[in-house]
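Asks: Chain by chain, the residues run as shown.
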Amino acid sequence: MTLPPATRCSIVTHASVEANLLQIAQLRESPDQVSPAVGAGSGEMAPSGPQLPKRFLRHCDEHTIVGMAAVLAAMHTLPESLADMSRWGVLAAPCLAGRLFSARTLAQLPKTGAAGVSPHLIPQCSLHAMASAVSVGLGMHGPNMGVGGGPEAIAEGFVTALSMLEEPDMPGLWLVLTQWDDEPIPDGAGGATNGPLCRGVAMALVATHSFARDSTTTLALSLQLPVEGVQSPLRSTGNPFQIKLAHLATSLDAIVHQRRTTVTHSADSPGCWSHDCDWGARLEVA
Amino acid sequence: MSSSDAHFELGSKKASLYNATVCITGIGAASPLGHSFATIADNLLQGRSAVRQVEAGVFARDQIHFAAPVSDIPLPPGMKEQSFASLGKLHQLCLSPAAHALADAGLTTDRRGMRIGIVLGIAAEHMKVWELDFVAGGTRVLQPELDAESIVHSLRRDLAIDGPAVTVAAACASSGFAMALGRKWLRAGWVDACIVGGCDVLSPTAFAAFYNLRALSRRSDDPAKASRPFDRDRDGFVMGEGGAFFVLECESQARARGATIYGELAGVGMSSDASHMVIPSADPKNAAHAIRLALKDAAINPEDVDYINAHAAGTAVGDIAEAGAIRMAFGEKSASVPVSSTKSMSGHLLSGASAFEAIACLTAIRHRSVPPTVNLDHPDEQCPLAHVANAALDRPVRIAASNSFGFGGANLCLVIRAAA
Chain U
1 MTLPPATRCS IVTHASVEAN LLQIAQLRES PDQVSPAVGA GSGEMAPSGP
51 QLPKRFLRHC DEHTIVGMAA VLAAMHTLPE SLADMSRWGV LAAPCLAGRL
101 FSARTLAQLP KTGAAGVSPH LIPQCSLHAM ASAVSVGLGM HGPNMGVGGG
151 PEAIAEGFVT ALSMLEEPDM PGLWLVLTQW DDEPIPDGAG GATNGPLCRG
201 VAMALVATHS FARDSTTTLA LSLQLPVEGV QSPLRSTGNP FQIKLAHLAT
251 SLDAIVHQRR TTVTHSADSP GCWSHDCDWG ARLEVA
Chain L
1 MSSSDAHFEL GSKKASLYNA TVCITGIGAA SPLGHSFATI ADNLLQGRSA
51 VRQVEAGVFA RDQIHFAAPV SDIPLPPGMK EQSFASLGKL HQLCLSPAAH
101 ALADAGLTTD RRGMRIGIVL GIAAEHMKVW ELDFVAGGTR VLQPELDAES
151 IVHSLRRDLA IDGPAVTVAA ACASSGFAMA LGRKWLRAGW VDACIVGGCD
201 VLSPTAFAAF YNLRALSRRS DDPAKASRPF DRDRDGFVMG EGGAFFVLEC
251 ESQARARGAT IYGELAGVGM SSDASHMVIP SADPKNAAHA IRLALKDAAI
301 NPEDVDYINA HAAGTAVGDI AEAGAIRMAF GEKSASVPVS STKSMSGHLL
351 SGASAFEAIA CLTAIRHRSV PPTVNLDHPD EQCPLAHVAN AALDRPVRIA
401 ASNSFGFGGA NLCLVIRAAA
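As they're listed, the protein sequences go chains U and L.
Residues 1 to 286 (our numbering) are what the first sequence spells out, left to right.
Residues 1 to 420 (our numbering) are what the second sequence spells out, left to right.
Be aware that a few hints might be false.
[Said to hold, decoys possible] Straight-line C-alpha distance at most 20 angstroms; calculated EDC-like pairs for lysine to aspartate or glutamate:
| # | chain 1 | residue 1 | chain 2 | residue 2 |
| --- | --- | --- | --- | --- |
| 1 | L | 296 | U | 166 |
| 2 | L | 89 | L | 55 |
| 3 | L | 285 | U | 84 |
| 4 | L | 296 | U | 169 |
[What the hints assert, rightly or not] Residues on chain U that point at chain L, a partial pick, calculated with CB under 7 angstroms:
| # | residue |
| --- | --- |
| 5 | 102 |
| 6 | 149 |
| 7 | 156 |
| 8 | 159 |
| 9 | 183 |
Since the hints were made in silico from the structure, they are not lab data.
All values reported here derive from a predicted model rather than from experimental measurement.
All C-beta atoms, glycine included, are put in the ideal place defined by N, C-alpha and C.
Full structure from sequences and hints, please.
Replies: Listed below in structure tokens is the structure:
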């Protein structure tokens, strides 16, 4: 029997990472060396965690590096009961990944021609690249899939994750979201003329019924559909980045903090994060 | 009404759909082998190749390029030619088949309050948009403010649908993952119908990057002979473009409104190799696991499958890996179940391949004939399967399985069953 897709799930742990281009270069070499200044897990840091193969990220896009760092940070706080992640799936939703690599490739194209196009362009900058890197790098055999890719990627990532969680033979799912705080303006050589900051949030999701919830650290992600018969507006997005990842990361940390410091919790509390999707549904983390 | 009153908890209202039969009620395509189900089916069963020599553009290597391009993308129903012409080619390649699928399902206008969603499988949308703009003299890649909306959200508006819209990517399995996700949405009751599929577009850097990866065929003699899945003389894949879209609906609704049912999306299986970012694992167990999951999801056994549409793109490593996965998943049955790769005719549609190959499965079911693998003159001994070589095989097909694999170790198997 096929189980229904989840309408809500548990976020067992999460972590966020932010890094500028210089820090990304450092993470490229040592993605598990997230400094306390740029990492925020929902629990205590464990002394050791999973290891990536050496130089695994050397050709990766900036989003993949930051997303991977967020996953590694979050894995430090994962409960022992979920330590075996070999059958987990990975969903990664980057916003506009690959811009710097693409700009460099296109800038060089008239000079170098086809011979100068890196064979890493497609496997490392396509939408699936971050999900695949997490799957390959950390040995996860559940489905791996890129989601979104554009300004609406974060909401698309949440919606897709909620519909994937009952996949058979998949105990859990990593949802990795990445976004530049301000999109980089490429200099054509792989860098940027502004000072962009890339942010990543990684969340370990499990079906709510499959996990004994620890109310102090585990969050609930839910999706509510619009009432039947109510047409949602076909709006063109005035602000394409409807969800700011910085705000989401702050909210997740605030909710966890609130759980640790108060006994009761309500969906109306300041720590609740919600987003109204353009099709009328509402995403909520509480 | 407060905002919280305007929503209900998902799952409370449509529990009966959780195991609903999900059917294909609309087909649209923009492909190298034609733009209608009938034309594509005819070309596949006749073994016609769409591969030809193409102009690869000013940045191409100094060599002959073989590919399977799409020409004359059909105008979407009801759209003005000028409006359609103003869109980028990638957008056109998505909109045209999506709109035709919706029309084929009878849902262009008469929707009876149905909430219709869309899942678009496309692996590198923004990279392709930036590149095609650059080739045309633009600098969009340097102007982030121009990237205000993804194609799937434009499609949602173009098609005037008001359900969820999501882009998914699993490299060359992208459009199959889109089909899988749309099926989940229907069973969850999130949508009443869902447009699913995907497409891709030829571009200079894609030619260059795949060539430099040594993934493309380097043959330069006869274009129609270049794509040679499972043949011992294969030397890589031939790129194609375009794709296919479907309208999925639950059977009960489709029958209630008298829709044509082309087939049932009966099973889905997904897994990852977790082995390498490009090269498929030599160990077939994870790809075989995806196939087994799909058969289990469809509640069938290997003996029930009448046709396997293989992913086989014509790469040295990939075809052998897939043959191993089929043999592992199907056991003794792999010696007799007919297998073909229609990429030998269509080329590799990349993001659009999986959905296009679902049309090949529907072709086999409707016409009681299995499309062949053309150019299969000397089957590779390392791919010992029941190949349908060079000519269609007439036989009843009630259940077809279609494999799709992608960079990053993505494995997918879809099971498509004849309508009851």
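Asks: Each hint should be assessed against the structure and marked as holding or not.
Replies: Against the structure, the hints:
Proposed proximity of residue 296 of chain L and residue 166 of chain U is supported: the alpha carbons are some 15 angstroms apart, at most 20 angstroms. A distance of roughly 16 angstroms separates the Cα atoms of residue 89 of chain L and residue 55 of chain L; the hinted pair therefore holds under the 20 angstroms criterion. Straight-line distance between C-alpha atoms of residue 285 of chain L and residue 84 of chain U comes to about 19 angstroms, which keeps the hinted pair within the 20 angstroms bound. This hinted pair checks out: residue 296 of chain L and residue 169 of chain U have alpha carbons roughly 12 angstroms apart, not beyond 20 angstroms.
The restraint placing residue 102 of chain U at the interface with chain L holds, with a minimum CB-CB distance near 5 angstroms, inside the 7 angstroms limit. For residue 149 of chain U, the interface hint holds, since its Cβ comes within 7 angstroms of a Cβ in chain L; the closest pair sits about 5 angstroms apart. Because the closest C-beta pair between residue 156 of chain U and chain L is about 5 angstroms apart, less than 7 angstroms, the hint holds. For residue 159 of chain U, the suggested interface contact is upheld, since its CB lies about 6 angstroms from the closest CB of chain L, less than 7 angstroms.
Annotation: residue 183 of chain U was flagged as interfacial toward chain L, and the flag holds, the nearest CB pair being 3 angstroms apart, inside 7 angstroms.
Checked against the numbered hints given earlier, this structure breaks none of them.
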